[in-house]
Amino acid sequence: AQSVTQLDSQVPVFEEAPVELRCNYSSSVSVYLFWYVQYPNQGLQLLLKYLSGSTLVKGINGFEAEFNKSQTSFHLRKPSVHISDTAEYFCAVSAPGTDKLIFGTGTRLQVFP
Amino acid sequence: DTAVSQTPKYLVTQMGNDKSIKCEQNLGHDTMYWYKQDSKKFLKIMFSYNNKELIINETVPNRFSPKSPDKAHLNLHINSLELGDSAVYFCASSQNPSARETQYFGPGTRLLVL
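Taken in order, these protein sequences are the chains called S and F.
If you're matching positions, the first sequence starts at 1 in the numbering used here and goes up one per residue.
If you're matching positions, the second sequence starts at 1 in the numbering used here and goes up one per residue.
Warning: the hint list may mix true and false statements.
[Said to hold, decoys possible] Mimicking DMTMM-like on lysine to aspartate or glutamate, the simulated pairs with C-alpha atoms at most 20 Å apart in a straight line are:
no. : chain 1 : residue 1 : chain 2 : residue 2
1   : F       : LYS41     : S       : GLU16
2   : S       : LYS100    : F       : ASP38
3   : F       : LYS40     : S       : GLU16
4   : F       : LYS40     : F       : GLU82
5   : F       : LYS44     : F       : ASP85
6   : S       : LYS58     : F       : GLU101
[As the list claims (entries may be wrong)] Listed below are several chain F residues computed to face chain S (Cβ distance under 7 Å; list not exhaustive):
no. : residue
7   : PHE42
8   : LEU43
9   : PHE47
10  : ALA87
11  : THR102
12  : PHE105
13  : GLY106
14  : PRO107
Quick caveat, the hints were computed from the structure, so don't treat them as lab data.
Glycine residues also receive a C-beta, built at the ideal position from the N, C-alpha and C atoms.
Go ahead and model the full structure; you've got the sequences and the hints to work with.
Here's what the structure looks like:
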């Protein structure tokens, strides 16, 4: 079975500052990794995903994430955040042979002016 | 154009009632899902259907019954609503039931059971 841990429930940051949202996973098999964003009162939207190949994945809105197999991590980063990045961010994992996405508990990114 | 739509957006009802939530996707996808997001924002899969056939049922109470009349629709019927059913329910779809596929989510249905 797979699991996802997002250690930070909230991350406050000032506009134009860099940010990192942490995600660690647990699995006995190879996995696929995803970051989804949920803006207030909306559904989830895919930011980026890692399937295979290059461990640095670039997504939409200037976000990127790095897959680190030895540390079982998939941290999300953005060099300079904007007020509009304020949202809930979910890390998720799935395993080959199943279409079940396992989500972390989410990290609320709050960007202040 | 809305890719995954849900109705209603809000649903307030009394305990014991029966209610349905509808979901439609116009992406031509084969696979559809229902997720429940609780008050702490925790998101968990309930069901998934591929080509109208149930493929995942995550030990959800029998009071919840999904129905897929065709590939583009997956409705969720809930009998005898309980207080603990209050949550946001998200429908999602993907091209096929592969772990690699991106899932596209609807805007959610906010259910409040009084």
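Results for each hint:
no.: 1; hint: LYS41/F to GLU16/S; in the structure: violated (27 Å)
no.: 2; hint: LYS100/S to ASP38/F; in the structure: holds (18 Å)
no.: 3; hint: LYS40/F to GLU16/S; in the structure: violated (28 Å)
no.: 4; hint: LYS40/F to GLU82/F; in the structure: holds (18 Å)
no.: 5; hint: LYS44/F to ASP85/F; in the structure: holds (13 Å)
no.: 6; hint: LYS58/S to GLU101/F; in the structure: holds (17 Å)
no.: 7; hint: PHE42; in the structure: holds (6 Å)
no.: 8; hint: LEU43; in the structure: holds (4 Å)
no.: 9; hint: PHE47; in the structure: violated (11 Å)
no.: 10; hint: ALA87; in the structure: violated (14 Å)
no.: 11; hint: THR102; in the structure: holds (5 Å)
no.: 12; hint: PHE105; in the structure: holds (4 Å)
no.: 13; hint: GLY106; in the structure: holds (5 Å)
no.: 14; hint: PRO107; in the structure: holds (5 Å)
Hints 1, 3, 9 and 10 from the earlier list are contradicted by this structure; the remaining hints agree with it.
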